[in-house]
Amino acid sequence: MGSDHIQILKRAIQREKLARKQAEKILEDKSRELYLITQELKNTNQKLEDQVGKKESALQGVFDNLLDAYIRIDILGNIIEMNHAAKKLFGYDITAEKINVGKLIYKEDYEYAINSFQELIAKGSFSDYQARVYTKNNGVRTVHINASLIIDKNENPIEVQGIVTDITEELERKKIIEEQKNQLSAIVENSSLGIVLTQFDKIIQTNIAIQNLLGYTKEELLQKEVKDISIKNEYAAISDNLALVNTGKIDNFSVNKRYKKNDGSSFWAKTNIAAVRNHNGNIKYQVAFIEDITEQLKIEKQRDQLVKNLEKTNQELKDYAHIVSHDLKSPLRNINALINWIKEDHIDVLNKEGVHHFTMIEKTLEKMEMLINDILSYSSVNNKENLQTQKIDLNLLINEIKNIVLIPENTTILVKKKLPIINGDITRIQQLFQNLIGNAVIYTDKKTGKIEIDYENKKSHYLFKIKDNGVGIKKEYHNKIFKIFQSLGENENSSGVGLAIVKKVIDLYDGDIWLESEPGIGTTFYFTLKK
Amino acid sequence: MSFTFLLIDDDEIERLKFARVLDKNGYSHKVVEAKNGEEALDILVQKNQQPDIIFLDLNMPKMNGIEFLKHLKSDPILQYIPVIILSTSNNHRDVKQAYEIGIAGYIVKPLKYEEYIHKIKCLIDYWTVNELIKVNL
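Protein chains in written order, with our numbering: chain R, 478 to 1008; chain D, -1 to 135.
Heads up, a few of these hints could be off.
Said to hold, decoys possible - What follows is a list of derived Cβ distance ranges for each label pair:
id	chain 1	residue 1	chain 2	residue 2	range
1	R	844	D	123	26 to 34 Å
2	D	90	R	924	41 to 49 Å
3	R	924	D	130	56 to 64 Å
4	D	90	R	879	24 to 32 Å
5	R	997	D	112	34 to 42 Å
6	D	71	R	821	33 to 41 Å
7	R	987	D	123	49 to 57 Å
8	R	833	D	129	45 to 53 Å
9	R	779	D	90	35 to 43 Å
10	R	820	D	130	31 to 39 Å
11	R	895	D	119	38 to 46 Å
12	R	844	D	129	43 to 51 Å
13	D	130	R	903	37 to 45 Å
14	D	123	R	997	51 to 59 Å
Unchecked claim - Short derived list, chain R residues pointing at chain D, Cβ under 8 Å:
id	residue
15	803
16	806
17	807
18	809
19	810
20	811
21	813
22	814
23	815
24	817
25	842
26	843
27	846
28	863
What the hints assert, rightly or not - Once the Cα atoms are required to be at most 25 Å apart in a straight line, the calculated BS3-like pairs of lysine-lysine come out as:
id	chain 1	residue 1	chain 2	residue 2
29	D	117	R	844
30	D	117	R	820
31	R	701	R	738
32	R	840	D	117
33	D	110	R	820
34	R	951	R	927
35	D	60	R	795
Derived from the structure by calculation, the hints contain no laboratory data.
Using N, Cα and C, we set each Cβ at its ideal position, and we do this for glycine too.
Next comes chain D alone, as it looks inside the complex (with noise of 0.2 Å):
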C-alpha cells in the first residue's frame, strides 16, 4: 500500500531526514513538503488528491502546529485525516493542547539519528496496517 504523507516543517533538514528514512527503508510512500501551517492549506485547498495521514511540527513561523491543527479540525472533511504531531517538545501543556483539538499521534523527536529511524519506521509500520479512508473534496 502506498501512502501519501503531507510533512509540515519549517526545518529542512528535518525535512531531508524525513525522506531519507522513507528511502534509504525502500518505503514506497510518497510525501507531500509545506514549510508551515499556511502552505499546508494551500495545498490542501488545491490538490485533488488529499494525503492520507499529515506529520505536523508544533513550532513554526506564520501558522504554528497548534493554529494548522484548529483549521484542519474545524473543516468538515480534512478533520479526518489523521494527524501525528513531531515535536521537539515533551512540554505536558504543549501534548495535552493537541489531544484535546485532535490528534492521532504525538512523536517526540530524539536527539539521536538512529533513534529517529527507528521511531518514523515504527509509526510508518503501523499505519500502513490500520484501515484508512480517503478524503477527497
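Just chain R, with the same shape it has in the complex (with noise of 0.2 Å):
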C-alpha cells in the first residue's frame, strides 16, 4: 500500500471520524429533544388527565345536583345511571336493585312508549315525551322526557341517556287553570250583562249578550272602537271619567249612556267601566259591564208618572174633601135660610101642606148635610196630619157616646166589663165606637133594645165586641156593609158611610172586623185594635 494510498485512507478514516461524531452528536440532539419532549407529553398528559378528572367530578356533581331527574340505561332497557333527583322521583335504589325501565311505564302508556323508543334508536333523540310512570312510593306520575341515544365509534347504539321532568303538579295546576278560564268564560259568555274589554278605545273583547244587544258579530265588534257603538256627545261625556280612571285617580265608574246598534236604532244602558291594571298600576283594559235599561227606564218613568198622577189625585181628594165642606154645604145653608124667609114672610099665605112641604125640604137638607159630614170624617181617616195618639180611656169615651148618640128611652147599653184603656186617636176611635154603637141603636126592632159591649185582652190586640138585639143583618151582606154607600135598610139616619168609617179606622190600627148575625134575632160585630 502506498503512502498515498494510506494517506487515502487516513484521511478517509479522519472523515468518518468527523462524521460519526457528528451522527453522535445529532443524535445526542435528537434524543435530547425526544427526552423534552417525552418530558413535555408527560406533563400534558397529567394535565389532561386531571382535567379529565376534573370535568367528571364536575359533571358528577351537576348530575347529583340537577334539579331534574337523568338516567341512563343500556340499550335492552335497564337502568345504569341515576342521579339523586332520579332516585328520589322514582323511589328506586339500582345499587340495591337492578331496574328496567319497561317496568316503570305506565300500562297504558307502554306501547307509546315502545314507539317513541324506536323512534329514539332510528332518530337518535327525541323531545317532549309525555306519559306516566309508575314510582315506588309516590303512585303514578306523569313526565315529561327528552332524551338521547349514546353511540359507540362504530356507530352502534350502546346506551340512552335521557332528563325526566315530572310535571304531575304543573299538569294538576294547569288544568286547575284551565277550569277556572273556562268557568270564567262560561260566566262571562252566559252574562245577561254585555261585557266588553278594551285596550283605552279598541275593542279586544266581547260577550254574547253584547253582540246580541248591538246586533254585530264577535268579529265586526273587534274592528271597532268605543266611540263607533257610542252618541257622540254621551261619548265626551265619559271620556273625561275615562281620563280620571287612565291617569289612577280613581278606579270605576258608572254612566247610563246610549248605544248606537248596527240598524242605527240605540239603546240606553248602565255602564260600568272598571281599569285592569298589571302590578306597575299602568291600565292594560278597561273591562265594561253593559246593562240594558230601556225597560227600567220605561218603568221608572211609568212609576214616576204614576207618583205624580197619585200626588195630583191625593191633593184633588184634599181639595175634594175641602170643596164638600164648604161649596156643597153653602147652598145647603142658603136654601134653608131662603125656606125659613119664604115660612117667616108669607106664613100667611101658605096652607098647613106647603108648611108641611117646607119641613120635608129643611129635613132632606139636614140628610144631605149629614152625608157631607160622613163623607168628609170618611176622607180624612187616612190623614196622618192630624193623627195624634194618646191614651184613651174608653170607659169615658163611651159615657160621652152614650150623650151624643140619641138613645131611645126602651133601649139600653151594658158594658160587661171595665174596659180598657187604648191608645190610639181620639176622634178615629171615638168615631168607630160611636158609628158602631148608633148602628145598633138605629136597627133596633124590638120593644126593648139590648145593646152589650165586651171585650177580651189577647196578647197582641183588644177584641171587642158590640151585641145587639136588632133586626140582623143576612149572611150574604156581611162584607158588603164595610163598603161605603151600602147602607141595607131604608133608615133616614144612615147614610151608608158609618160602617165603611168603621173599617177605615180599624185598618189604620192593624185590626180586623166580623160579625155574626142572625136576621131577626140581632148582631154581634167583633173586631180587633192592635195593643
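Make one complex out of these two single chains by using the hints.
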C-alpha cells in the first residue's frame, strides 16, 4: 500500500470519524429533544388526566345536583345510572336492585313508550315525550322526557340517556287554571250583562250578550272602537271619567249612556267601567259591564208618572174634601135660610101642606148635610196630618158617646166589664165606637133594645164585641156593609158611610172586623185593635 | 151703641142673612159689605169711618180670607180692628192658621137658619158690651 493510499485511507478514517462524531452529536441532540418532548408530553398528559378527572367530578356534581331526574339506560332498558333527583322521583336505588325501565312505564302508555323508543333508536333523540310512570312510593306520576342515544365509535347504539321532569303538579295546576278559565268564560258568555274588554278605545273582547244587544258579530266588534258604538256627545261625557281612570285617580265609574246598534237604532244602558291594571299600576285594559236599561227606564218613567198622578189625585182628594165641606154645604145653608124667610114672610099664604113640604125640604137638607159630614170624616180617616195618638179611657169615651148618640128610652147599653185604656187618635176611636153603637141603636126593632159591649185582652191586641138584638144582617151582606154607600136599611138616619168609616179606622190600627148575625134576632160585631 | 160692621163674604145670600138678622132683631148697627178681600181693602183705604168689627169669610175668590187677614195684620193701624171669622169649615188647620195670624173669634156657619140667628145675636150682644177703640186713618 502506498503512502498515498495510506494517506487516502487516513483521510477517509478522519472523515469517517468526523462524520460519526457529527452523527453522534445529532443523535445526542435528537435524543435530548426526544426526551424533552417526552417530558412535555408526560406533563401534558398529566394535565389532561387531571382535567378529565375534574370534568368528570364536575359532571358528577351536575348530575347529582340536577333538579331534574337524569337516567342512563342500556339498549335493553336496564338502568345504568340515576342521579339523586331520579332516585327521589322513582324511589328506586339501582345499587340495591336492578331496574328495567319497562317496569316503570304506566300500563296504558306502554305501546306509546315502545314506539317512542324505536323512534329514538332511529333518529338518535326525542324531546317532549310525555307519559305516565309508576314510582315506588309516589304512585303514578306524569313525566316529561328528553332523551338521546349514545353510540360507540362504530356508530352502534349502546346506551340512552334522558332527562325526566315530573310535570304532574304542573299539569294539575294547568288543569285548574284551564277549568277556572272555562268557568270564567262560561260566566262571561252566559252573562245577561253585556261585557266588553277594551284597550283604551279599541274593543278587544266581547261576550254574546253585548253582541246580541248591538246586533254585531264578535268579529265585527273587534274591528270597532268604543266611539263607533256610542252617541257622539255622550262619548265626550264619559271620556272625562275615563281620563280619571286612566290616570289612576279612580278605579271605576258608572254612567247611563246610549249605544248605537248595527241597525242604526240605540238603547239606554247602565255602563260600569273598571280598569284592569298590571302590577305597575298601568292600565292593561278596561272592562265595561253594559246593562240594557231601556225597559227599566220605561218602568221608572211610568212609575214617576204614577207617583205624580197619585200625588195629584191625593191633592185632588184633599181639595175635594174641602169642596165638600165648603162649597156643597153653602147652598144647603142658603136653601135653609131662604125657606125660613119664605115661612117668616109669607106664613099667611101657606097652607098646612105647603108648610109640611117646607119641613120636608129642611129634613132633606139635614140629611144631605149629614151625608156630607160623613163623607168628609170618611175621607179624613187616613189623613195623617191630624192623627194624634194619646191614651184613651174607653169607659169615659163610651159615656160620652151615650150623650151624643140619641138613645131611645127603651134601649139600654150595657158595658159588661171595665174597658181598657188604649192608645189611639181620640177622634177616630170615637168615630169607631160611635158609629157601631149608633148603628146598633138605629137598627133596633124590638120593644126593648139591648146593646152589650164587651172585650177580651189578647196578647197583641184587644178584641171588642158589640152585640145588639136588632134586625140582624143576612149572611150575603156581611162583607158588603163595610163598603161605602152600602146602607142596607131604608133608615133615614143612615148615610151608608158609618161602617165604611169603622172599617177604615180599624185598618188604620191594623185590626180586623167581622160579625155574627141572625136576621130578626140580632148582630154581634167583633173587631180587634192592635195594642 | 151703634157699630159699623164690615162683612166680607162672596155669597149674596150670606150677606142677606147677616143684614136680615140685624134688621129683624132691631139692631141699629151699620153693615158695610164687600165681596172679597180685595174689595174690603179698597173700602178700608177709602173710608174715613173705619169699621168697629170685621166679619170675614174664608173661602172667597180673588183675595181669600186668610190673605186678607195677613194684609190687615201687617197694617200698623188696621191691625187693631177685631176680626171674627165666619166660615163653613171647622177644619183644625184653618182655625189654627186664623188664630195664629190674629183673630178675635171663629164662628162656624150652621146649616139651620135658627142656629145662625142665635149665633149672630150672641156675637153682637157680646161685642156691644165690649170696650172698643176707634181706628182712624
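Index of numbered hints that the structure contradicts, given in increasing order = Hints that this structure does not satisfy do not exist here, as all of them hold.
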